[in-house]
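Asker: Protein sequences appear in the order of chains A and B. Anchor point for the first sequence: position 242 equals 242 in my numbering, and the numbering is continuous, going up by one each time. Add 1000 to the 1-based position in the second sequence for my numbering, that's all there is to it.
Possibly wrong hints are sitting among the right ones.
Claimed, not checked - Simulated DEER-style distance windows between Cβ atoms: (1) Ser1094/B - Ile390/A: 39 to 49 Å; (2) Val404/A - Leu1108/B: 25 to 35 Å; (3) Val132/A - Ala1153/B: 49 to 59 Å; (4) Asn1099/B - Val404/A: 26 to 36 Å; (5) Glu178/A - Ala1150/B: 18 to 28 Å; (6) Gly163/A - Gly1065/B: 26 to 36 Å; (7) Ala1153/B - Gly377/A: 51 to 61 Å; (8) Asp1064/B - Asn381/A: 49 to 59 Å; (9) Ser1116/B - Ala334/A: 28 to 38 Å; (10) Ile390/A - Ser1036/B: 34 to 44 Å.
The set of hints was computed from the structure by calculation and includes no laboratory data. All C-beta atoms, glycine included, are put in the ideal place defined by N, C-alpha and C.
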Amino acid sequence: MKRLLGVALGVLTAIGGFVDIGDLVTNAVVGSRFGLSLVWVVATGVVGICVFANMSGRVAAASGRATFEVIRERLGPRAGLANLAASFLINLMTVTAELGGIALALQLASSVQYLLWVPVAVVAVWLVIWRVRFSIMENVTGLLGLTLIVFAVALFLLKPDWGSLGAQVLAPSIPEQETAASYWYYAVALFGAAMTPYEVFFFSSGAVEEGWSIKDLAQSRINVLVGFPLGGLLSVSIAACAAVVLLPAGIAVTSLSQVILPVAEAAGKVGLAFVLVGIVAATFGAALETTLSSGYTLAQFFGWSWGKFRRPAQAARFHLSMIICLLIGGAVLATGVDPVLVTEYSVVFSAIALPLTYLPILIVANDPQYMGEHVNGRPVNMVAMIYLVIILAASLAAIPLMIVTGAGS
Amino acid sequence: MAIGSRRSRAALCGAWLVCAGVAAILLSGCAGAPGSVPDTVSTAVKDSSSAVATARLALGLDADGKLTMAATATTLDDSLKELETARTTLLQLSPTVQNDRDLRREALAVLDEGTSGLTTARDAVASTDGSPTLQDGDRLLEAAAGRMSAFTAQLGGQ
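Take these sequences, add in the hints, and give me the full structure.
Answerer: Written as structure tokens, this is what we have:
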């Protein structure tokens, strides 16, 4: 019974923790401009993150070490440095975007200017990382993030034309007012949002934090294979709400305040309360994860003592690096840069850096020296290789598409 | 060893890709810059039209009791910011021929109507003496939306 509860909690946390500011904004932008014609990208991204998150969890459980630590040792410092540079910079952008997301959501709840909420968000994230136990931190934000299910509820309350939505999913086409370049630019952005690199670094480091062993692999697999696809459905429902309410009204999403309007239309103030709690929880949870990921990658590359399972004094550089990341994120937002714009860039840059994250994981997961009998099987390798091709194509296409479309504008 | 070194090179190439991406941000800024005056005017009016439609939706939800005052005020603020950005884009244009100058002038007038509607709507939400009303704001926004739509159609016909 206790084990069953553990599995249920893990799945629910995985669903609630799946959506972050990147998913929220990108799915709403895409829904408001392209309807559901890019759902296939979300599905592709979700399968990809399931494959690689599962792989990195297995690396951590089999070797007892986090993926990045093994990559550094297995591929050497130069390859490790390239991996570190790419993932760390993108992590930092994502930390900034998530802090901005918390502040924007709190502005929607209070009408107090979001810039005043930024220092509050920075301090709150730091305090939780400093004081709260890893499992409590993960479970509370994940479970509160579940309130975003209100998007799915709102979709049913809006009584959409299901046939039309289904047709958009099954026969995707580019709307008249949009260009093919914009369509593919947002396809890359959605893919980057679904496969954000920090997710696998956090997942594998979290496995070490929680002391996973081989016998925990089954539960981790269920969390990933059930939780992430359901989280993906949540992403699709955000896009669908935007497609049903905003697209026909000629509203192209450029701010977080527009994302919540379909929920308010369908479920009124109660729905609004749920969606605001969900956005704060999702962005706060993701801010914790990205901040920790920044600390993990740096500490694991330089061989510092790391982990929340250690007292802060025993992992001083790990904690100091996270404080610096939070301060940088806060300082960037204090310049007045639009957090939604930072989010849009962060997901595209995630797509650019994807090969640097996922190729090394695949190499390590095939190394019997670390994995023993738990190396990838042939079917997993085949799927992973297909994904590497997709990842490489998305990575190479991102920059030209960004230039051609003026970053999707 | 050779495989390891190839992997290192591949990883470094990837890092270069990310650096190239940073350059792309700058370039995409340039790409977003005006190609031609009519294109820029059209994009600015389209963005403004989206902002006005957002404001109208928020006002309607507020009137129906479905949105809190804080959420309505924030949505209207964001819409106003969008209009200001569009207006700044138009003001930064340097048209070289009379037709383009006229086009910009007309577009600015259309955007001003949207701004006026939005400020009235914000006043209505913040008002403690009942004036202006949400309906006053919506009426002005409806007129601005109509004018933007007509202007966009006129641009499309040119």
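Asker: Each of the hints needs a verdict: does it hold here or not?
Answerer: Verification of the hints:
1. Ser1094/B - Ile390/A: 39 to 49 Å: holds, 43 Å
2. Val404/A - Leu1108/B: 25 to 35 Å: Cβ of Val404/A to Cβ of Leu1108/B: about 29 Å, so the range 25 to 35 Å holds.
3. Val132/A - Ala1153/B: 49 to 59 Å: holds, 56 Å
4. Asn1099/B - Val404/A: 26 to 36 Å: Given about 27 Å between the Cβ atoms, the range holds.
5. Glu178/A - Ala1150/B: 18 to 28 Å: holds, 22 Å
6. Gly163/A - Gly1065/B: 26 to 36 Å: holds, 32 Å
7. Ala1153/B - Gly377/A: 51 to 61 Å: Since Ala1153/B and Gly377/A have Cβ atoms about 60 Å apart, the given range 51 to 61 Å holds.
8. Asp1064/B - Asn381/A: 49 to 59 Å: holds, 55 Å
9. Ser1116/B - Ala334/A: 28 to 38 Å: holds, 32 Å
10. Ile390/A - Ser1036/B: 34 to 44 Å: Since the Cβ atoms of Ile390/A and Ser1036/B sit about 36 Å apart, the hinted range of 34 to 44 Å holds.
Of the hints listed earlier, there is not a single one the structure fails to meet.
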